[in-house]
Amino acid sequence: MRPAVIPQIRTPSLVYGIGVRSPFFALEERLSLPALERLPPRVARLLDRHNLLSGIKLEASVLTAQPYEEKSVEADAAFMLDASLCLTIAKDATVTVTVPRAGKEWDAHSLLLEILPGVKADLVLRDENPGGGTAGLVVKAVVGKGASLTMNDLLITDADTFRRTTIVLAGEDSGVLPNHAFFAYGKAKVDVRSQVVHAGAASASDIRIRGIAAQEAEVITQGDIRIEPAAAGANGYQHEDLIMLGKKSVARPIPNLEIGNHEVRCTHGATVANIDEDTLFFLTSRGIPREKALSVVLASFLSPLLTLFPAAEGEHIRDSIAALIAERGMIGG
Amino acid sequence: MQSKEHIALQQVLDAPSTKRYRFKAPEGLTEETVRLISESKEEPSWMLELRRKALAEFLRKPMPDWGPSLELLDLERISYFVRPDAKPNAGNWDEVPEDIKRVYDRLGIPRAEQEALAGAGAQFDSDVVYHSLKKKWEDLGVVFLDMDVALKRHEDLVRRHFNRCVPYTDHKFAALHFAVWSGGTFIYVPKGVKVPLPLQAYFRMNTMKMGQFEHTLIVVDEGAQLHYIEGCSAPQYAASSLHAGCVEIFVGKGARVRYSSVENWSRNTFNLNTKRALVKDDGVIEWVGGNLGSGVTMLYPSSILLGDNATSDHTSIAFAARSQNQDVGAKVFMLGKDNAATIRSKSISMEGGITSYRGIVRVGKNAEHASLNVQCDALMMDSRSESNTYPIMDIQNNTATITHEATVGKISDEEIFFLTSRGIPKDQAVQMIVAGFIEPVVKELPLEYAVELNRLIAMEMEGSLG
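So the protein sequences, as listed, match chains A and B. Using the working numbering, the letters of the first sequence map in sequence onto residues 485 to 817. Using the working numbering, the letters of the second sequence map in sequence onto residues 448 to 913.
Treat each hint with caution, since some may be false.
What the hints assert, rightly or not - In silico DSS-like pairs for lysine-lysine, Cα to Cα no more than 30 angstroms straight-line:
1) B:Lys-784 - A:Lys-732
2) B:Lys-784 - A:Lys-673
3) B:Lys-599 - B:Lys-641
4) B:Lys-599 - B:Lys-534
5) B:Lys-500 - B:Lys-619
6) B:Lys-583 - B:Lys-599
7) B:Lys-857 - A:Lys-629
8) B:Lys-812 - A:Lys-731
9) B:Lys-488 - B:Lys-534
10) A:Lys-731 - B:Lys-700
11) B:Lys-581 - B:Lys-641
12) B:Lys-890 - B:Lys-700
13) B:Lys-582 - B:Lys-534
14) B:Lys-812 - A:Lys-673
15) B:Lys-656 - B:Lys-500
16) B:Lys-784 - A:Lys-731
17) B:Lys-812 - A:Lys-671
18) A:Lys-776 - A:Lys-673
19) B:Lys-812 - A:Lys-732
20) A:Lys-731 - B:Lys-727
21) B:Lys-727 - A:Lys-732
22) B:Lys-784 - A:Lys-671
23) B:Lys-727 - B:Lys-599
24) A:Lys-776 - B:Lys-812
Said to hold, decoys possible - Residues from chain A that face chain B, not an exhaustive set, calculated with beta carbons under 10 angstroms:
25) Met-728
26) Lys-731
27) Lys-732
28) Gly-744
Claimed, not checked - Here chain A is said to cover these stretches of chain B; the calculated rule only asks that three of the stretch's residues, wherever they fall, bring their Cβ under 8 angstroms from a Cβ of chain A:
29) 819 to 830
30) 846 to 856
The set of hints was computed from the structure by calculation and includes no laboratory data. Bear in mind that the values here come from a model prediction, so they are computed numbers and not experimental data. Even for Gly, the Cβ is constructed at its ideal location relative to N, Cα and C.
Construct the entire structure; sequences and hints are all you get.
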């Protein structure tokens, strides 16, 4: 039976109409919407069945702009996202996808996932060019009955980029844990959107976004939880925490909830703050140099998410941030 | 089944007075209607000019493409100016026609005025039919007048503030309001004067297929203090009515203003109101709101914290039952140093009602050390209903500390069992739990209004829980 059509979140005009604009808004105005028929049949069916082609123009255009490689995954695997990928994850596996550096003004790729019933999948998104320019990425995933997806997404960038993630919990007892961590510096404009649609009963989600905006970086983070009327017993959680290091940095957290069933529990939260000076003083007063103290505090801020990454990835992130701070001095105003 | 008390109250709210107008403008909005309104009030030329510009802006702007659907609002089938058959601004309730007075009697306005208010105003359709301020406050320089009268007696003061907090260009329904506004309240509290009892205005929209566009302008000077309360209702009709009022509040240096309102329009009403306050150094604005009635509400009281150490507090409850869509929230713009704000929003949806919290918080580039906490809690009574939360935060200064949290859920079975296992009937148990849920909002209202708000919510829920 075809699931009910999932309408898009009804706020794009509000977000864009009241002075909070994605850096890619101007691009969206120029984009046209390629026809669904140009996609490979399996990809088209996946997108259409769960109405995953709807949404703002940018996503739809990225989804249909490039050729797709279709692959089935039955064991741990790693891919480079040269073209766009459509992966069917048929057995428990950890899939690592490397997002290439950005070539043109706004390079973007798409990744479609179908997690088959009962499968436990871990997805790790890593940059080919951490600390530099990274292509934008649209991720759409459908999670089957009893299946789960943990998605770990890490960005370290000084260039404009975006992540747009939509996970549909189509099956009963399906779950997703999207973790987004980023460190934006320089004049980067970073737009991270993570949407979870609960269509299956007793589905569960926990969106976690933690980011640091240093120097003159501008970040928009939007976490959307949508619970369809059929999703009784669903649990949806979401938290966005942002640190603004730079005097000229800008942070725009936008946590949304759309709840269509009352037999659920849903909460969201968002915080924006700077590094607590008392915490830095605690470390520097014990002889730790300020740059090192800042690295420790920022790593600690990201650690609830970093522990969810494979150990090597977590270490890599901590080292990258420490190196950036050491190279650029105290990252701030 | 509803109790007799609640049935009686509902009859008061829903029953129209008999046809009670001496003039009703033709349906639809033209420049002729705008001129007619201005000429009938003998307004100065600058006001007519403002109305004309606002009309042009209204006709130019498109309908909003977000929020609840306004498809059923036919702006061509609304009468924008209806003058009741009553003497404007009576200073004595005996001068108000009996059938109109009866409505306000049953709503408790005259009694409240005697017992608990510093002054009261009552608007019926497009005119204020009663207005009075206790002499004690008049002697201290407090001005509490019908807006039309204030424009004549205090033209300079009005002109300096009118349309300055909410520009007519703000949005389509602000433009409409400024084109056809009529009636409303003007309050001025001089420096250092603290008015300990509230001033109240009550708005009743009696005529079918009309729009009410009262304008409330409040200027509270340096170090002064005021609590102002607004209430409203309308009879239930099959055709749509429109309420697009506007509230502009100027909070002077070190002044404190509390604005409380209980909006209980009938289900056929579209309530598209605009409320905003400008707050100077050390000023405080408190918004306390209960949104119960109307079929569609779009209401986002805004605080613009211009000065240093300015503070705002938004506390509200929205209730949406069958065929209601309450799209409400708050906007806070922090532009001075050391600004602080809290937003506490509660909502209840049942029987297919839709509640949405929609908010914007903006911390400006130069707004050092801003702090803000937002808390939204939504209760859904059944799966036919919907609850949405759409907050936006735009933080442009890195010394800010911002927190936001929201929860959505139903009344837990354990809580109901706790009460029913002690012999309390289920529907009563639910009402008790709901009363506890809204208590943080209700306790901010004066006792009479808190009781009234609890009564109105209980009335909506009575007999609908199985």
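Against the structure shown, which of the earlier numbered hints fail to hold, in ascending order?
Violated hints: none at all, because every hint is consistent with the structure.
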